[in-house]
Amino acid sequence: MVDYFINLNPVIQALLATIFTWLLTLLGASLVYFFKTVNKNIMDGMLGFSAGIMIAASFFSLLKPAGEMAESLNMVVWLVLTLGFISGGILLFVGDKVFEHFYDKKKNSSSMKRILLLIFSITLHNIPEGLAVGVAFGSIAYNLDGATLGSALVLALGIGLQNFPEGTAVSVPLRREGLSRSKSFFYGQLSGIVEPISGVIGALLVLKVRLILPFLLSFAAGAMIYVVIQELIPASQSNKKKDLMALFSLLGFALMMILDITLS
31 MVDYFINLNP
41 VIQALLATIF
51 TWLLTLLGAS
61 LVYFFKTVNK
71 NIMDGMLGFS
81 AGIMIAASFF
91 SLLKPAGEMA
101 ESLNMVVWLV
111 LTLGFISGGI
121 LLFVGDKVFE
131 HFYDKKKNSS
141 SMKRILLLIF
151 SITLHNIPEG
161 LAVGVAFGSI
171 AYNLDGATLG
181 SALVLALGIG
191 LQNFPEGTAV
201 SVPLRREGLS
211 RSKSFFYGQL
221 SGIVEPISGV
231 IGALLVLKVR
241 LILPFLLSFA
251 AGAMIYVVIQ
261 ELIPASQSNK
271 KKDLMALFSL
281 LGFALMMILD
291 ITLS
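Going by our numbering, the sequence shown opens with residue 31, and the numbers climb by one from there.
If you're looking for bench data, these hints aren't it; they were derived computationally from the structure. The structure presented is a predicted model; accordingly, all values stated were derived computationally and were not measured. Treat the hints with care, as some may be off.
Unchecked claim - Calculated pairs, DSSO-like style, for lysine-lysine (alpha carbon to alpha carbon, straight line, at most 30 Å):
#: 1; residue 1: K127; residue 2: K272
#: 2; residue 1: K270; residue 2: K66
#: 3; residue 1: K213; residue 2: K66
#: 4; residue 1: K238; residue 2: K94
#: 5; residue 1: K66; residue 2: K238
#: 6; residue 1: K272; residue 2: K70
#: 7; residue 1: K213; residue 2: K70
#: 8; residue 1: K213; residue 2: K127
#: 9; residue 1: K70; residue 2: K238
#: 10; residue 1: K70; residue 2: K127
#: 11; residue 1: K271; residue 2: K66
#: 12; residue 1: K66; residue 2: K272
#: 13; residue 1: K127; residue 2: K270
Could you build all of it, start to finish, from the sequences and the hints given here?
This is the structure we're talking about:
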């Protein structure tokens, strides 16, 4: 089975990997069938853990290999990585502002507005995550420094792990707002379906245009760090036990770091 996966086309590998990350979003969303609410300590702990995973993945699986690739392509490493990193964050910032401006014109309850903003935010943020996985697998075809099957698999695993609480964070609030369990589950998992789509696009882009590899990886890193700073850490730190939530973030970072170092 492993040998079969290794020999697959990078685009197919990216598709399968991002289907896996989407399935974990679906699994998280399925908790709505068992709970109408989730203990805040548990939810905040999962979000803090996810933040640590995302920070580690941004460096070990994205920025670090991006730097190695840029160097092997004789690029100005710091310039390419900085431009990509900042661009990723700015894109999500602009996307959030555009949606907020549009939605302010609608008349809905404030709680439903927050939930819809959350759905849009998570869906938008999942696009660069899928793109990152696609680029990671697509870059293997060029045998560039920093591009390994192990690092691509670890990245997919890390993103999948942090997708689980995101699915729950969408479906459970929708259920509290009065939607049926089926509809809450549907919208919860739907936020992750963009990952297989963007994953395939990322792999195809890489296979067609080799020179954009370092930029795309650093772009995805910037977008992921933006998500961590804007969504995950503030949500986890809203807990009264802030110090404990911070420890969960450290554990998430440590786990992702260990996986990346040992499996790459």
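For each hint, the structure was consulted:
{"no.": "1", "hint": "K127 - K272", "verdict": "holds (28 Å)"}
{"no.": "2", "hint": "K270 - K66", "verdict": "holds (22 Å)"}
{"no.": "3", "hint": "K213 - K66", "verdict": "holds (13 Å)"}
{"no.": "4", "hint": "K238 - K94", "verdict": "holds (22 Å)"}
{"no.": "5", "hint": "K66 - K238", "verdict": "violated (46 Å)"}
{"no.": "6", "hint": "K272 - K70", "verdict": "holds (12 Å)"}
{"no.": "7", "hint": "K213 - K70", "verdict": "holds (22 Å)"}
{"no.": "8", "hint": "K213 - K127", "verdict": "holds (27 Å)"}
{"no.": "9", "hint": "K70 - K238", "verdict": "violated (45 Å)"}
{"no.": "10", "hint": "K70 - K127", "verdict": "holds (28 Å)"}
{"no.": "11", "hint": "K271 - K66", "verdict": "holds (23 Å)"}
{"no.": "12", "hint": "K66 - K272", "verdict": "holds (24 Å)"}
{"no.": "13", "hint": "K127 - K270", "verdict": "holds (29 Å)"}
This entry does not satisfy hints 5, 9, going by the numbered hints stated previously.
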